[in-house]
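Below are the chains, spelled out letter by letter.
There are 2 protein chains.
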Amino acid sequence: MFSIGQLSKRTGVKIPTIRYYEQMGLIDEPERSEGNQRRYTKDGLSRLSFIRHSRDLGFSVEDIRGLLDLSQHPEKPCSDAHSIAAQHLQDVQSRIAKLRRLERELKRITKCDAGNVAACAVIETLADHGLCETEH
Amino acid sequence: MFSIGQLSKRTGVKIPTIRYYEQMGLIDEPERSEGNQRRYTKDGLSRLSFIRHSRDLGFSVEDIRGLLDLSQHPEKPCSDAHSIAAQHLQDVQSRIAKLRRLERELKRITKCDAGNVAACAVIETLADHGLCETEH
DNA sequence: TATAATTCCTCTAGCCACTAGAGCTTCAAG
DNA sequence: CTTGAAGCTCTAGTGGCTAGAGGAATTATA
Ligand SMILES: [Zn+2]
Ligand SMILES: [Zn+2]
Ligand SMILES: [Zn+2]
Ligand SMILES: [Zn+2]
Numbered sequence: 001m002f003s004i005g006q007l008s009k010r011t012g013v014k015i016p017t018i019r020y021y022e023q024m025g026l027i028d029e030p031e032r033s034e035g036n037q038r039r040y041t042k043d044g045l046s047r048l049s050f051i052r053h054s055r056d057l058g059f060s061v062e063d064i065r066g067l068l069d070l071s072q073h074p075e076k077p078c079s080d081a082h083s084i085a086a087q088h089l090q091d092v093q094s095r096i097a098k099l100r101r102l103e104r105e106l107k108r109i110t111k112c113d114a115g116n117v118a119a120c121a122v123i124e125t126l127a128d129h130g131l132c133e134t135e136h
Numbered sequence: 001m002f003s004i005g006q007l008s009k010r011t012g013v014k015i016p017t018i019r020y021y022e023q024m025g026l027i028d029e030p031e032r033s034e035g036n037q038r039r040y041t042k043d044g045l046s047r048l049s050f051i052r053h054s055r056d057l058g059f060s061v062e063d064i065r066g067l068l069d070l071s072q073h074p075e076k077p078c079s080d081a082h083s084i085a086a087q088h089l090q091d092v093q094s095r096i097a098k099l100r101r102l103e104r105e106l107k108r109i110t111k112c113d114a115g116n117v118a119a120c121a122v123i124e125t126l127a128d129h130g131l132c133e134t135e136h
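Residue numbers (the numbering used here), protein chains in the order written: chain A, 1 to 136; chain B, 1 to 136.
Hint data in this document are derived by calculation from the structure and do not stem from the laboratory.
Possibly wrong hints are sitting among the right ones.
Note: identical chains are not told apart, hence a pair may lie in one copy or across any two.
[Stated by the list, open to error] Computed list of lysine to aspartate or glutamate pairs in DMTMM-like fashion (alpha-carbon distance at most 25 angstroms, straight line):
no. : residue 1 : residue 2
1   : 98        : 62
2   : 9         : 128
3   : 42        : 128
4   : 98        : 56
5   : 98        : 63
6   : 98        : 135
7   : 107       : 135
8   : 76        : 43
All chains, please: the whole structure from these sequences, using the hints.
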C-alpha cells in the first residue's frame with residue numbers, strides 16, 4: 001500500500017494532480033486509512049503510470065479515458081486505440097507544421113539592422129502582415 | 001468611427017476578444033456613443049491589427065504589451081523588441097523539438113500488427129515508457 | 001414615424017490541465 | 001508523548017479566450 005506521496009514519487013505525478021485525476025474519474029477512488037488518507041495498490045500505481053506516460057506523449061485526458069477503458073478489455077479489437085493514436089499523431093503533425101511557419105517568419109523578422117523602433121523590422125512586421133511571406 | 005462589430009470584421013478579432021483585450025489593458029478604452037456603445041478610431045484599428053498579427057505569430061499577451069509600449073516610442077532602441085522576439089523564437093523552436101520527439105514515438109507506436117488490445121503495441125507502449133526510444 | 005431586426009451592453013461562468021494556498025487533521029519517528 | 005512531516009478538503013488562479021443571459025441601443029424597413 002502506498003500513500004499519495006509515495007505514489008507521487010514513483011510516478012512523477014504531483015500530488016494535487018493525482019487528486020485531480022481522481023476527481024476527473026481517470027483513477028478510481030482508492031481505499032482510505034482509518035484517518036481518511038488515500039492508500040493505493042500496485043494496480044493504482046500502474047494505472048497512474050499509464051496516465052503519466054500518455055500525458056507525456058501528449059494525449060488529452062479525454063483520450064486517456066478512452067485508452068484506459070480499452071486497456072481494461074484485452075479481448076476487444078484494438079482499432080479504437082489506433083484511431084485515437086492516429087488522430088493524435090495528426091494533431092501533433094499539424095501543430096508542428098504551424099510552428100514551423102511561425103519559426104520561419106520569426107527568423108526573418110529578427111534580421112533587423114535598424115537601431116531604433118522607428119525603423120525596426122520586428123515592429124514593422126507586427127504592424128503589417130503584408131510584410132510576411134506565409135500565411136498563419 | 002467604427003463600432004465594435006466593424007472593428008471585428010476588419011481585423012478578424014472576435015467581439016468578446018476585443019472586449020477582453022480592453023479589460024487586459026492592451027487597448028485603451030475607446031470613446032462611447034450617447035447610448036454607451038464603443039466607438040473606435042483608425043488608431044484603435046491599427047493597434048488591434050498589431051495585436052492580432054502578434055497573436056497570430058504566437059506572442060503572448062504579456063509580450064504584446066511590451067511590444068505595443070515600444071511601438072509608441074519610435075526613438076527608443078529596438079533591442080528590447082529583438083530580445084522579446086528572440087526569446088519567442090527559442091520557445092517556438094523548443095516546442096517544435098518536443099513535438100517532433102512525440103511524432104517519432106507516435107509513428108512508431110501506431111505500427112501495430114496485433115488485432116486485439118491484449119497484444120496491442122499502442123496500449124503496451126503507453127503502459128511502459130521503457131519501450132520508447134526517446135525521452136519526453 | 002412606428003416597428004422590427006440587428007447589434008451592442010454588462011456580467012457571469014466555462015474551457016483545459018493543472019497549480020497554489022489556507023486552515024485543519026493524521027501519521028511516523030524518536 | 002511530542003513534534004514535524006505529510007495528508008485532508010475547499011477555493012481560487014493560470015492563459016486566452018468563448019458562450020450565454022437578459023437587457024438597451026441602433027439601424028433598416030414599411
Ligand atoms: Zn529592430
Ligand atoms: Zn503575418
Ligand atoms: Zn493495436
Ligand atoms: Zn515514453
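Consistency of the hints with the structure:
In this homomeric assembly, residue 98 and residue 62 come within 25 angstroms of each other (Cα to Cα) both inside a single copy, at 23 angstroms, and across copies, at 21 angstroms. Taking the closest pair of Cα atoms, residue 9 and residue 128 come within 25 angstroms of each other only across two copies (17 angstroms); inside a single copy the shortest separation is 50 angstroms, beyond that limit. Taking the shortest Cα distances, residue 42 and residue 128 sit within 25 angstroms of each other only across copies (14 angstroms), while inside one copy they are farther apart (58 angstroms). Taking CA atoms no more than 25 angstroms apart as the test, residue 98 paired with residue 56 passes in both settings, with 21 angstroms inside one copy and 10 angstroms between copies.
Within a single copy, residue 98 and residue 63 get their C-alpha atoms as close as 22 angstroms, and across copies as close as 20 angstroms, so both meet the 25 angstroms cut-off. In the homo-oligomer, the alpha carbons of residue 98 and residue 135 lie at most 25 angstroms apart both inside one protomer (10 angstroms) and across protomers (23 angstroms), since each shortest distance falls under that limit. Proximity of residue 107 to residue 135 under the C-alpha cut-off of 25 angstroms is restricted to the intra-copy arrangement: shortest distance 15 angstroms within a copy versus 28 angstroms between copies. Taking CA atoms no more than 25 angstroms apart as the test, residue 76 paired with residue 43 passes inside one copy only; the shortest distance there is 21 angstroms, against 61 angstroms between copies.
In the structure shown, no violation is registered for any of the earlier numbered hints.
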